[in-house]
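Participant: Please model the complete structure; the sequences and the hints are all you need to start from.
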Amino acid sequence: MKLTNSEMQVLNVLWLDSPLTVGQIIERVQQQSEWHANTIKTLLTRLTGKQAVSRHKDGRRFFYTADVSREEIVSIEADGFLKKFFNGQMAPLIAHFAERKELSEADIAEIETILKELKKS
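According to our numbering, the sequence shown is numbered sequentially starting from 1.
The set of hints was computed from the structure by calculation and includes no laboratory data.
Misleading hints may appear alongside valid ones.
Said to hold, decoys possible - Calculated pairs, BS3-like style, for lysine-lysine (alpha carbon to alpha carbon, straight line, at most 25 Å):
1) Lys119 x Lys83
2) Lys101 x Lys2
3) Lys41 x Lys57
4) Lys116 x Lys101
5) Lys50 x Lys84
6) Lys41 x Lys2
7) Lys84 x Lys2
8) Lys50 x Lys101
9) Lys50 x Lys2
10) Lys57 x Lys83
11) Lys101 x Lys84
Stated by the list, open to error - So the derived label-pair ranges between C-beta atoms look like this:
12) Ser54 x Phe97: 34 to 40 Å
13) Ser33 x Ala78: 22 to 28 Å
14) Asp17 x Asn38: 20 to 26 Å
15) Lys119 x Lys57: 49 to 55 Å
16) Ile114 x Lys84: 21 to 27 Å
17) Leu82 x Gln30: 32 to 38 Å
18) Phe62 x Arg100: 19 to 25 Å
The structure displayed is predicted, hence computed values, not measured ones.
We put the beta carbon where it would ideally sit given N, CA and C, even for glycine.
Facilitator: What follows is the structure in structure tokens.
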């Protein structure tokens with residue numbers, strides 16, 4: 001599932017609190033951006049079409065809920081990034097970040113712990 005940054009912004013609102021009405025979603029998104037209500041409604045329609053969001057009617061109002069978790073999207077996006085930039089290989093990715101950003105002792109210890117756990121499995 002490919003999501004735009006704009007769609008992610010709407011999903012972030014729903015991950016924090018849902019179900020929400022379209023009015024509540026518009027209000028919360030507009031606290032972070034200057035998008036018009038119609039833009040946000042269009043994004044909700046696209047997210048519903050991608051089955052990332054569902055809606056149900058209660059009386060005269062529709063309530064929206066995220067149907068994908070943040071973890072699912074992070075996994076999909078991370079896999080895509082790894083394939084696109086590092087040919088699906090993890091070692092060059094880790095080397096890239098290690099060379100460009102100073103790793104703290106805590107970062108290194110955490111990476112070592114993760115690698116030890118992976119070796120056990």
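Participant: Indicate, hint by hint, whether the structure satisfies it.
Facilitator: Evaluated hints:
| no. | hint | in the structure |
| --- | --- | --- |
| 1 | Lys119 x Lys83 | holds, 23 Å |
| 2 | Lys101 x Lys2 | violated, 28 Å |
| 3 | Lys41 x Lys57 | holds, 16 Å |
| 4 | Lys116 x Lys101 | holds, 23 Å |
| 5 | Lys50 x Lys84 | holds, 22 Å |
| 6 | Lys41 x Lys2 | holds, 19 Å |
| 7 | Lys84 x Lys2 | holds, 13 Å |
| 8 | Lys50 x Lys101 | violated, 36 Å |
| 9 | Lys50 x Lys2 | holds, 9 Å |
| 10 | Lys57 x Lys83 | violated, 40 Å |
| 11 | Lys101 x Lys84 | holds, 21 Å |
| 12 | Ser54 x Phe97: 34 to 40 Å | holds, 36 Å |
| 13 | Ser33 x Ala78: 22 to 28 Å | holds, 25 Å |
| 14 | Asp17 x Asn38: 20 to 26 Å | holds, 22 Å |
| 15 | Lys119 x Lys57: 49 to 55 Å | holds, 52 Å |
| 16 | Ile114 x Lys84: 21 to 27 Å | holds, 23 Å |
| 17 | Leu82 x Gln30: 32 to 38 Å | holds, 34 Å |
| 18 | Phe62 x Arg100: 19 to 25 Å | violated, 45 Å |
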